[in-house]
Amino acid sequence: MLRYLRLLGVQFRASAQVAMQYRVEFLVEGAMAFFWMAWAVVPLVVVYGHRASVAGWTFEEALVVVGVFIVMKGVLEGAVNPSLASVVEHIRKGSLDFVLLKPADAQFLVSTAKFEPWRIVDLGAGLAVVVLALARMGRPPSPGEVGAALLLGACAIWTLYSLWILVVSAAFFVVKVDNLSFLFLSIFDAARWPISVFTGAWRVVFTVVIPLALMTTFPAEALLGRLPSATLVLAVAGTVLFAVLTRAVWLRAIGRYTSASS
Amino acid sequence: MLRTARAIPTLLRVGLAEAVAYRAEFLVWLLSTNMPLVMLALWTAVARDGPVGGFTQEGFAAYYLAALVVRLMTGAWVIWEMNFEIRQGTLAFRLLRPLHPLVAWAAENVAAMPVRLAVSAPVAVAALFLVGGSHVTRDPLLLALFPLTLLGAWLITYLAMAAVGTLAFWVDSATSLFDVWLGLFGVLSGYLVPLSLYPPWVEALSRWLPFRYMLAFPVELVTGRLARAEALAQLGVQWGFVAALLGVAAGMWRLGTRRFSAFGG
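Going down the list, the protein sequences come from chains B and G.
Quick note: the first sequence, position 252, residue 252 per the working numbering, numbers continuous.
When you read off a place in the second sequence, starting at 1, and then add 1000, the result is the number in the working numbering.
Keep in mind that the hints were calculated from the coordinates and are not lab data.
Just so you know, even glycine gets a beta-carbon here, dropped at the ideal spot from N, CA and C.
Check before you lean on any hint, since a few could be wrong.
Partial chain B-side listing against chain G, Cβ under 8 Å, derived [to be verified]: (1) N179; (2) L180; (3) F198.
Rough simulated footprint, nothing fancy, chain B against chain G, three-plus residues with beta-carbon under 8 Å [said to hold, decoys possible]: (4) 1171 to 1179; (5) 1188 to 1200.
Anything over 12 Å on all C-beta distances counts as not near chain G; from chain B, calculated [stated by the list, open to error]: (6) Q11; (7) L44; (8) L127; (9) V131; (10) S229.
This is chain B alone, in the form it adopts within the complex (with noise of 0.2 Å):
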């Protein structure tokens, strides 16, 4: 445990040294977390324009989720979508040997393997969304919501990296996902809404096939005190159930990888 704990420090040591190299990105990330920023702020304000409550929000109330959804959307560009389509280039090109000879867990090595330090600028830019709204309303939250909003947030992280670690497994089978990453990311922009908007059939695949209610609205939830203690025990238990699955399907795919060079 410890070992792996010193091995992502020096991942992540590495991935920053790689990243101060190139300090005027740093000003062109933090540009553009702002720009972005200001865009999934714009139809928000747009729609509370015409009304004062949309789905039993109001603008306050989905301003935090849009300051979730965007803590997310940094979590996901900078520490799980770099290191993942870093593995589908291994399996193409075969140079995964490399990465099985290491006498450490293969799906630690490469989901560690790539980080971008400057998508910090995403996380701060979203708290700061999330404070503001939560000011506006003057309701802080007691220190229980905030727990709540934190173990949610965590398992939201850890269901992203679970989705994420399934593409990569059906890239042993296909080869070719990096367009898949791509249409996730499509519909992971769905998320910035309460899931409340929507209804029907598209509900239903939000909350249990592809879980964006469990990413941003129900921490959310959690931080405004009034997510039911039944979802967030069932959040819980589905996000290690996922988990588990998801660690054997990929011991199963890295069972079929043959190596591309021989």
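Could you slot chain G onto chain B? The hints should help.
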């Protein structure tokens, strides 16, 4: 000129074969154009208890389904290929051919259209049934002009993409500049939100920018939101933008290829 015209049928055939060869990829690409459907779900929820700014639930359905069709029909992806070929130096092979690369790429993009049409036409028909046809324009002249506005919209999309793509001759981050363009497109073209729902000054601003003519103009025309005189005036502006962007893209291409140098082979 004549030689270029003679090459085009062959180029189209090659492009169509490519579009058919990568079917799965193509399908995923189509599925990822789902933003109008998400926005439709959102606005339907908003308009549940009464129309919003002149849009009923049916009005929103017609608007966003038309937007989906227009977006699918006016797709272009030249910037990714351009960026890749300039980086890798494989552009050198293209420059040797007796055909302007911008024409060759345009033919590749256009060739995928029949396949795109096969997918988006059922959507259009389903949309007509769903909203009862009452939100489709009855004006035969405007219906006849619709394909022309689609062509104009595609040309603006393609030429703007090509113009930003030529920046790859000078800077490394042409594609991230293009992300900014895409962001502005989303907000100012009526793709995310119908332009008439914005405050009046935003809508006025959008008339001076090319984005509106890439999406909102054909959509508003076909859903009967434009009077005849206004539609003709906007058609003029649209083709004005086409001409201007053609000049910019061709000029930047000429300047860029002068400083292009490829390594290896």
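Interface hint status, B/N179 versus chain G (Cβ within 8 Å): With Cβ-Cβ at 5 Å, under 8 Å, it holds.
Confirm or reject the coverage of the segment 1188 to 1200 of chain G by chain B under the rule of 3 or more residues with a beta carbon closer than 8 Å to the chain's beta carbons. Three-residue rule met by the segment 1188 to 1200 of chain G, so holds; n is 5.
Does B/L44 sit more than 12 Å from chain G, CB to CB? violated, 10 Å
Against chain G, does B/S229 hold up as non-interface, every C-beta pair farther apart than 12 Å? It holds; B/S229 is separated from chain G by about 27 Å at its closest Cβ, greater than 12 Å.
Hint check, B/L180 versus chain G [nearest Cβ-Cβ separation less than 8 Å]: With Cβ-Cβ at 6 Å, under 8 Å, it holds.
Was B/Q11 rightly flagged as not at the interface, with every chain G Cβ beyond 12 Å? holds, 25 Å
Three-residue Cβ test at 8 Å for the coverage of the segment 1171 to 1179 of chain G by chain B: holds (count 3)
When the nearest CB of chain G is found for B/F198, is that gap smaller than 8 Å? holds, 5 Å
Interface-negative label, B/V131 against chain G, beta-carbon threshold 12 Å: holds, 24 Å
Is it the case that B/L127 keeps its Cβ farther than 12 Å from each residue Cβ in chain G? For B/L127, whose nearest Cβ neighbour in chain G is about 22 Å away, the distance exceeds 12 Å, so it holds.
The structure fails to meet hint 7 from the earlier list, while all remaining hints are met.
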